[in-house]
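J.: Spelled out, the chains give:
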Amino acid sequence: MSANPSAAPMAPRARGSRLAWLKENLFSSPLNTLLTVLVAWLLAMAVPAMLDWLLFDADFTARTAQECRQAQGACWAFIAEKHRLILFGVYPYDEQWRPLLATLILIGIMVCSAIRYFWKPWLGLLWLAALTSVAVLMWGGVFGLSHVENDRWGGLPLTLILSTFGIAFAFPFGVLLALGRRSHMPAVKSLCIIYIELIRGVPLISLLFMSSVMLPLFLPEGFTIDKLLRAQIAIILFAAAYIAETVRGGLQAISKGQYEGADSLGLSYWQQTRLIILPQALKVVIPPLVGIFIALFKDTSLVVIIGIFDLTQAAKAAIADAAWRGFSVEAYVFIAFIYFIFCFAISRYSQGLERRLDKGYQR
Amino acid sequence: MSEAIIRLENVNKWFGQFHVLRNLNLDVAPGERIVICGPSGSGKSTMIRCINRLEEHQQGRIVVDGTELTSDLRHIETIRRDVGMVFQHFNLFPHLTVLENLTLGPIWVLKKSRAEAEATAMKYLERVRIPDQARKYPGQLSGGQQQRVAIARSLCMSPKIMLFDEPTSALDPEMVKEVLDVMVNLAEESGMTMLCVTHEMGFARKVADRVIFMDQGEIIEQNTPDRFFDDPQHERTRLFLQQILH
Numbered sequence: 001m002s003a004n005p006s007a008a009p010m011a012p013r014a015r016g017s018r019l020a021w022l023k024e025n026l027f028s029s030p031l032n033t034l035l036t037v038l039v040a041w042l043l044a045m046a047v048p049a050m051l052d053w054l055l056f057d058a059d060f061t062a063r064t065a066q067e068c069r070q071a072q073g074a075c076w077a078f079i080a081e082k083h084r085l086i087l088f089g090v091y092p093y094d095e096q097w098r099p100l101l102a103t104l105i106l107i108g109i110m111v112c113s114a115i116r117y118f119w120k121p122w123l124g125l126l127w128l129a130a131l132t133s134v135a136v137l138m139w140g141g142v143f144g145l146s147h148v149e150n151d152r153w154g155g156l157p158l159t160l161i162l163s164t165f166g167i168a169f170a171f172p173f174g175v176l177l178a179l180g181r182r183s184h185m186p187a188v189k190s191l192c193i194i195y196i197e198l199i200r201g202v203p204l205i206s207l208l209f210m211s212s213v214m215l216p217l218f219l220p221e222g223f224t225i226d227k228l229l230r231a232q233i234a235i236i237l238f239a240a241a242y243i244a245e246t247v248r249g250g251l252q253a254i255s256k257g258q259y260e261g262a263d264s265l266g267l268s269y270w271q272q273t274r275l276i277i278l279p280q281a282l283k284v285v286i287p288p289l290v291g292i293f294i295a296l297f298k299d300t301s302l303v304v305i306i307g308i309f310d311l312t313q314a315a316k317a318a319i320a321d322a323a324w325r326g327f328s329v330e331a332y333v334f335i336a337f338i339y340f341i342f343c344f345a346i347s348r349y350s351q352g353l354e355r356r357l358d359k360g361y362q363r
Numbered sequence: 001m002s003e004a005i006i007r008l009e010n011v012n013k014w015f016g017q018f019h020v021l022r023n024l025n026l027d028v029a030p031g032e033r034i035v036i037c038g039p040s041g042s043g044k045s046t047m048i049r050c051i052n053r054l055e056e057h058q059q060g061r062i063v064v065d066g067t068e069l070t071s072d073l074r075h076i077e078t079i080r081r082d083v084g085m086v087f088q089h090f091n092l093f094p095h096l097t098v099l100e101n102l103t104l105g106p107i108w109v110l111k112k113s114r115a116e117a118e119a120t121a122m123k124y125l126e127r128v129r130i131p132d133q134a135r136k137y138p139g140q141l142s143g144g145q146q147q148r149v150a151i152a153r154s155l156c157m158s159p160k161i162m163l164f165d166e167p168t169s170a171l172d173p174e175m176v177k178e179v180l181d182v183m184v185n186l187a188e189e190s191g192m193t194m195l196c197v198t199h200e201m202g203f204a205r206k207v208a209d210r211v212i213f214m215d216q217g218e219i220i221e222q223n224t225p226d227r228f229f230d231d232p233q234h235e236r237t238r239l240f241l242q243q244i245l246h
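Chains as they are written, first to last, in the numbering used here: chain W, 1 to 363; chain D, 1 to 246.
Errors might be hidden in some of the hints.
[As the list claims (entries may be wrong)] With a straight-line Cα cutoff of 25 Å, these simulated DMTMM-like cross-link-like pairs (lysine to aspartate or glutamate) come out: (1) D/136 <-> W/358; (2) D/160 <-> D/209; (3) W/256 <-> D/172; (4) D/160 <-> W/263; (5) W/256 <-> D/166; (6) D/206 <-> D/226; (7) W/189 <-> D/55; (8) W/256 <-> D/77; (9) W/283 <-> D/100; (10) W/120 <-> D/116; (11) W/256 <-> D/56; (12) D/136 <-> W/354; (13) W/256 <-> D/55; (14) W/256 <-> D/82; (15) D/111 <-> W/260; (16) D/206 <-> D/172; (17) W/227 <-> W/95; (18) D/123 <-> D/181; (19) D/136 <-> D/118; (20) W/283 <-> W/260.
Honestly, the hints are just simulated from the structure, not real lab data.
Can you make the complete structure from the sequences, with help from the hints?
T.: See below:
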């Protein structure tokens, strides 16, 4: 048997059996073996019980609370009964197709913005059209739709509106704050630092409270700003401060050579920032930025403090019904599931985005 | 005698307390090729970086192509449009393709159309002998290729003056030659003024009109390459040449 002397020897094939993988990853040392056994035991204790409660012993079709309480597991019939209250709040029952459509449009526009094919100039117009149609659908008053005041809005559409507008406005504002904080102009730099430190020093709940209770005291007689708008602005101002610090971290990570390369070509400050520095800085901080967006989506539940009916508040209202008492776990699991779907989708998208943006950096 | 395209008059610069440039005086004629050498810390890189305002001089005058270099942004922008720079660590933009790196300046600073900028870019990519790499990202190229892209990127701005800050110091020895060949070609075929900080003495002999030796922020000696290498006047120059020509 003669091997070709000039062919490079093949790397030995990895032992590919599952047993080998288990041995290497789960049972490689005494400590690992112990941990594996511990985790397996915990899973064996928890998972079957959870599945039983969630699915196998659950009641999906009961008609009354009495019937449902007989079941060993969860009472999903409660959700079937209350889902419209939880999802849409106290929006007039017959008009609830409108917030449903508005929700779908908001989700649709966000999905479109995520797909690279849509990254064209007319995406801005698409956003404008989507936001206008959401406004028309929710408020009504035109095109034969009945007018619905925004204090009757609630549930999932409201959470989505607060988050989407929140992120959409907080992100550019945060980027400007980050650039301003790194500016050499003392006035701009001081203002940005003061803003960021003040806002980061207070919890969102106190900002919401201040916007709702204190702001009207400072405004002139008879001049009121809509409560929902005040909450929206508070959310935007809050998120912008955190986004600013995260983006600033990214800006600091860009090597001085990039600025010098751009300077030597004669690019102005704004051209450099827009074309060279920001694309690289933002790519670097995608993970913490996404963390901020996900947290913001869930932080919108704090508007309950000023009496705005978001998804969490709607769940509480559903539980308060005297006829269906005692199913708070089901209600919270339901909205937790909804929050999870959105947050997980954002997270998966960001991982895909990072992979796509990495292609230029791999050899 | 033609007007100097770069004039440094009594230029002084400090980094904090450290006096890095001491009373520098230098006149560069248009089309002249100058190689600057010296030990590290001698201020040679700082001097050429002052010419396009990547560093700020505290005393003295610098005049580039008739425009004085002050803190006036418009003057700085005018000068930077006519001065190209090649860096030791390339400073290419990693998130853009090679072609996009080259067309960025012409499109946004010189306000050319995309088609025109791309045509110019391909022309210079051919000049530096890597037209097939146009669609690749800098991270996918070797060091020598990246530096040649950097040279092409500066050339796309059609500068009157090219500054080279130790362009081959970060390259593997095999790749030094390909970059030097491009620079020699550039020196011979274009009428461009070139200031090059380098340790490549073979390059200096082949191409330079003048070799300048700097030490501790001062110009110790300047001469034509032959006289500089064969008959150095100062003791410090001789010591330095002994150390690098081995």
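J.: Determine for every hint whether it applies to the structure shown.
T.: Verification of the supplied hints:
1. D/136 <-> W/358: It holds: about 13 Å lies between the C-alpha atoms, which stays within 25 Å.
2. D/160 <-> D/209: Satisfied, since the Cα-Cα distance of roughly 17 Å is no more than 25 Å.
3. W/256 <-> D/172: holds (23 Å)
4. D/160 <-> W/263: Between residue 160 of chain D and residue 263 of chain W the Cα gap is close to 17 Å, so the pair holds against 25 Å.
5. W/256 <-> D/166: holds (17 Å)
6. D/206 <-> D/226: holds (10 Å)
7. W/189 <-> D/55: Measuring from Cα to Cα gives roughly 23 Å; hence the hint holds.
8. W/256 <-> D/77: Within the cut-off at roughly 19 Å; holds.
9. W/283 <-> D/100: holds (18 Å)
10. W/120 <-> D/116: holds (23 Å)
11. W/256 <-> D/56: Distance ~16 Å between residue 256 of chain W and residue 56 of chain D Cα, so the pair holds.
12. D/136 <-> W/354: Given pair residue 136 of chain D, residue 354 of chain W holds - Cα atoms ~19 Å apart, limit 25 Å.
13. W/256 <-> D/55: holds (13 Å)
14. W/256 <-> D/82: holds (22 Å)
15. D/111 <-> W/260: holds (21 Å)
16. D/206 <-> D/172: holds (21 Å)
17. W/227 <-> W/95: holds (22 Å)
18. D/123 <-> D/181: The given pair, whose Cα atoms are some 17 Å apart, holds under the 25 Å limit.
19. D/136 <-> D/118: holds (15 Å)
20. W/283 <-> W/260: holds (20 Å)
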